[in-house]
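Protein chains in written order, with my numbering: chain A, 1 to 288; chain B, 289 to 538.
None of these hints come from the bench; they were simulated from the model.
No experiment lies behind these values; they were computed from the predicted model shown.
Here a beta-carbon is modelled for each residue, glycine too, at the ideal position from N, C-alpha and C.
Some hints here could point you the wrong way.
Facing chain B, a subset of chain A residues (Cβ under 7 angstroms, in silico) [as the list claims (entries may be wrong)]:
| no. | residue |
| --- | --- |
| 1 | Tyr174 |
| 2 | Gly177 |
| 3 | Gln187 |
| 4 | Ala196 |
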Amino acid sequence: MRRFKEFLIEKIILLNGFACILFVILIFFFLAKDGLTLFKTVSPWHFLFGTLWNPLAEPPQVGILPLFLGSLIVTLGATVISVPLGMACAIFIGEIAPRWIRELLKAGVELLAAIPSIVIGFIGMTMLGPIVKNLFHLPTGLTALTGSLALAFMAIPTIVSIMEDAISSVPRSYKEGSLALGATHWQTIHRVIIPAASSGIVAAVMLGIGRVIGETMAVMMLTGNASVLPKTILEPVRTMTATIAAEMGETVRGSEHYFALFALGLVLFVITFFINLAADAALHQKQK
Amino acid sequence: MVDKIVVENLSIDYGGVRVLKDMSLSVKEHEILGVIGPANSGKTSFLRALNRLNDLDISSRLSGSIRLNGKDINREMDAEEVRKKVAMVFALPIPLPMSIFDNIAYGPRRHGVKKKKKLEEIVEQSLKAAFLWEEVKDRLSSSGMKLSGGQQQRLCIARTLAVEPEVILYDEPCSGLDPISTAKVEDAMRELKNRYTQILVTNNVKQAARVGDRVAFFLMGELVEIGEAGQLFTAPKDKRTEDYLTGRFG
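Excised from the complex, chain B in its bound form (with noise of 0.2 angstroms):
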């Protein structure tokens, strides 16, 4: 498979600490790259660089390169760009503070699509693709916020698909969801993966085996390991990596 995203001797400082180290890898187009790793192990750090989010903290400095089909995302693209075509779902899902229509038709808006009827059918179409259409197609313009935790979640979801991004960046999605909710948050993921490049950072690592493609595993910042998920949880190479996953530490 094509590599969507290669990522060369990252790292990354938050005012003057080092929280990514020349970590170096590449995910491959429409995969889906679980990231797992104890707390402070430099995953959110590393997603959020992905799509620039890193840009809003004028105290992070970033070293190395991350290429998007082949273009430098920091020097060769805007950071809208980026984000559009590199889109996050968030661990809290904070719907904006609108209708359910807007919420999802903001971003096309923002870039532009303005007719009505076109509107419409990518708000049906989004959000049929996160498995929330049936459930909220009644009442479309009443408030985002109103919905339950895991609705909001997959709100959240549809409002990027919205956007017709390549990739999506999940940071925990599930981490604030009933086991159910879940399990309708991991059925998106693998419907989407015919069309899309995922990337699941998770501190479940049962979720990161149930839906992920190949694996990576960080820890204080280090890539310790990445692999086919099959091989990477049954039989990991590096001693760190099983200690992890069998519990002896994180």
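Isolated chain A (complex conformation) (with noise of 0.2 angstroms):
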């Protein structure tokens, strides 16, 4: 009896384990399927490289390249933003701040991590809007650079934690040795604690980049979601997600925007995809 409770809790978790994977396999191949179904009509040069995306025009024009652009800039200027600033928060909890200090930070990223993206969302579109329309002189405070503000904030704890790991796991004895031959603090940090936890860093920031280009909700509410080229950072434009999340609602089952929308899910899965693979290379790097 015992033998067969002991062999049915082993095979339901293996079945538990399975299932996780297969459905992310399904998941994928549904997107496929719906996804790939885009290009029996429309040439995937045109959805790529396409500069136009009006899907409710006659004939539907689904041109992601402004999409694409629009979630590049927005990623690339949270990522300008949230990697210095999450790097030297890091390195200020895990090697300078005193104990409590380092308790009080560590609480408050995480607490970061805990606001929803709508609060983010609402409070950037009524307080950070305004402060970047006045401060540039801009017809809208909802641009690009007000999204990739608002996603810094999302991706820093993400970010911090990870890089913080990293570089707590730097093994003592390198400080000491550095130490003991006379370098400063800041010396150590710099040329043994950085170079040592590379690897870490590298798979934080990717990560951090995976928040970034998936988050809908704050993007979609302080970008100003206008699917042109955009050619500053201070102009409205719009994401792949954003506009998922927007006209996924509104499409017509089995049309060819509705297909559009999940040909343009599918580009966004393989992107993020690969930036986890390359978070993860550069993770089992360090521990090879």
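The two chains are supplied separately, each in an independent frame; assemble them into the complex guided by the hints.
What follows is the structure, given as structure tokens:
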């Protein structure tokens, strides 16, 4: 009887493990099936490099270049803002801060991760938008920059917690070895600790980017949603995620528009997949 | 001989526990002072106080004074300055995660040496002084972590020499090494006597006898006895020293 119970539990756990993978595969196939249907009527070239997104026109225009560039510019902006900030924060927490400040900061960073993106979205809309508008004398405060700023806040917790892990797992002996040779604390951080933690730092940046590129709600509220080719970071843009979220509800099932949104989702999936893969590779490199 | 380091009434607490009690001793220039004693006798804490690595532990408290060349290292010198002059070789040889060349050039670079020529010179001299040059001269660009244990320890000694310290502290430098590597490290120490003051903390009493000019015996945070190696090992003044040396405890 006990044997049977043991057997049963083992199999159930096994089943659950496989189920997770199965769901991912099913989602991918579902996405691929509907997404690839689009290419029966539209060439991949026009889809990927077309500069016009107007799926309700006749005939529908489904070039995703403006959306892709919108995502890219918002993500780049968020990365440029969040990486230095997150890195400095991680170094401070991991290396410099006394214990009580460290605990306080860690709790604060985790709290930042707990803020729902919609909340960041409306705070950005009411506070950040007007600031950006007045600062740069723009007709609207809802621009790529506004989105980048808000997304930076959402990426920082991921970046800080993973980087801090990497920095604190650098062996103490490296630090002491360096200090014992008369190097200063900063020289030790700069020349020994950061290089030794580099793979974790790269992974943290990658996962931060992954988080930003998939984010939808805040960018939809903050970037102005204009599907035009962006020229500067101070213009309204529209990201891939926001497009899907905004248009999925009003499309006719089985139409070209519908398939185009799935294809867009597929592109997004492929991008995040490779970013996660890169982060994973960076992390594993460390273990060797 | 001149006193290089003078320790007066040194006491150290770690989080309220006293690990070193009211210790006074001096280290003479160009001698090798062996420090022996059982575990938890305060040997390592003593060593770490001498180059201010204790500073890294926020729970440590220190009273009394340590003077290097007459200057109080805690009140009249920067930690970096102290550590440049009083360098430490650790129990476990841990090269930094970089090439052999960069490991040795690390210290000089941090102290402002930039010219490639000069660095190459320092690296060669340091490796020669640590008896490692012949073994690694053809692979200076390979990782320092790929060397054997004994080679790693000599690499760590070489990187210490590269910053041109005045005093070298060894914290059980041979605890993880085989007898042949140990002999090589000891040879290096004897060779370095002309130029450096050295303090060797060791669990190996015989090693202290082999390389020490004078030997200090620590027990539970106290300095029990310090004297010429020959005298301390053959005719210890204190009963506790004799008990330890004859293996009655520790």
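Hints and how they fare:
Using the Cβ-Cβ criterion of 7 angstroms, the hint placing A/Tyr174 at the interface with chain B is satisfied: the shortest such distance is roughly 6 angstroms. Nearest Cβ of chain B to the Cβ of A/Gly177: about 6 angstroms, under the 7 angstroms cut. The hint holds. Given hint, A/Gln187 at the interface with chain B, holds; its Cβ is 5 angstroms from that chain's nearest Cβ, closer than 7 angstroms. For A/Ala196, the suggested interface contact is upheld, since its CB lies about 5 angstroms from the closest CB of chain B, less than 7 angstroms.
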